[in-house]
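If you read the sequence shown in this note's numbering, its first letter stands for residue 598, the second for the next number, and so on.
Wrong hints could be hidden among the right ones.
[To be verified] As a list, the in silico DSSO-like pairs of lysine-lysine whose alpha-carbon atoms are at most 27 Å apart: (1) K824 with K719; (2) K751 with K768; (3) K756 with K824; (4) K768 with K846; (5) K744 with K824; (6) K690 with K719; (7) K768 with K807; (8) K719 with K751; (9) K756 with K768; (10) K690 with K744; (11) K601 with K744; (12) K756 with K807; (13) K833 with K846.
These are computed hints drawn from the structure, not numbers from a lab.
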Amino acid sequence: DYAKIAIDNYPSSPYFGNIYISAIYTPPGYTGTGRSFFVISNDFNSIIRKNSADLGMGDSAVASIISARGNIYASVRKFAHQFTIYHSSDGGKTFSEANLASQNPNCEGFATISSNNNIAWKIYLGPELAFEDNSNRLYVTWADYTKCTSEQVKIPLEKPGDYQIYASTSKDYNIYLSYSDDNGATWSNPIIVNDFSGGSRGFPSIAVDKQGIVYVAFFDHRNDQSKAQYDVYLTKSTNKGVSFSANIKVN
């Protein structure tokens, strides 16, 4: 599900015009975590389907971007809290991979919606990617928890009043950022971009402007945790991801 698309729009790239589509799916008869796959199309009429195992196993959508040199970068959330970045320099024929620092991948990826009850939601954690061509720096941002508890939570189902019960959950999420100057082979130590530590946050998004300023936006539950309301916050880095400004409430 959740197909993502990226197009190589750089005339200087050896793969100029390529269209890359990625998604998650569960093969027939398979009961575990879905698998990622990549599709490459040169002229919309000629499609090469990559083997479903090329990007391994994952249970969230893949984010993918292209650099001016034609490199492909794709991010996958494997299981609850395991994050992997893939890199291809040959138009998607082969991929290398590197795992980001993360917590226990077995803790359920939920965040409570209010301190007044045990209702939770499966918050989007990322990872999301951005690339700055002038410095050849790859950025990634994601959400991760600080506590894994045995508190029972319930997740609303489609039918009103129906819930799925979980015996454990993760709490107090922060938004992290790391960067790589070698196409994702190694990564800087993650830093926390949110400037408030109470409550949870998620749905990170990242972009870099032409001046190299890095922007990160995210949902945040800091203001009144008794309410089922998350607000939108924005922060920026003017030193290429080394540190971030005070967070600004957008909504």
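Tested hints:
1. K824 with K719: Given pair K824, K719 holds - Cα atoms ~17 Å apart, limit 27 Å.
2. K751 with K768: Holds: K751 and K768 sit about 14 Å apart, inside 27 Å.
3. K756 with K824: With Cα atoms ~22 Å apart, K756 and K824 stay inside 27 Å; holds.
4. K768 with K846: 22 Å, holds
5. K744 with K824: 21 Å, holds
6. K690 with K719: 33 Å, violated
7. K768 with K807: Violated: K768 and K807 sit about 36 Å apart, past 27 Å.
8. K719 with K751: 11 Å, holds
9. K756 with K768: 26 Å, holds
10. K690 with K744: Not satisfied, since the Cα-Cα distance of roughly 39 Å exceeds 27 Å.
11. K601 with K744: 31 Å, violated
12. K756 with K807: 46 Å, violated
13. K833 with K846: Between K833 and K846 the Cα gap is close to 13 Å, so the pair holds against 27 Å.
Of the numbered hints given earlier, the model fails hints 6, 7, 10, 11 and 12; all others are met.
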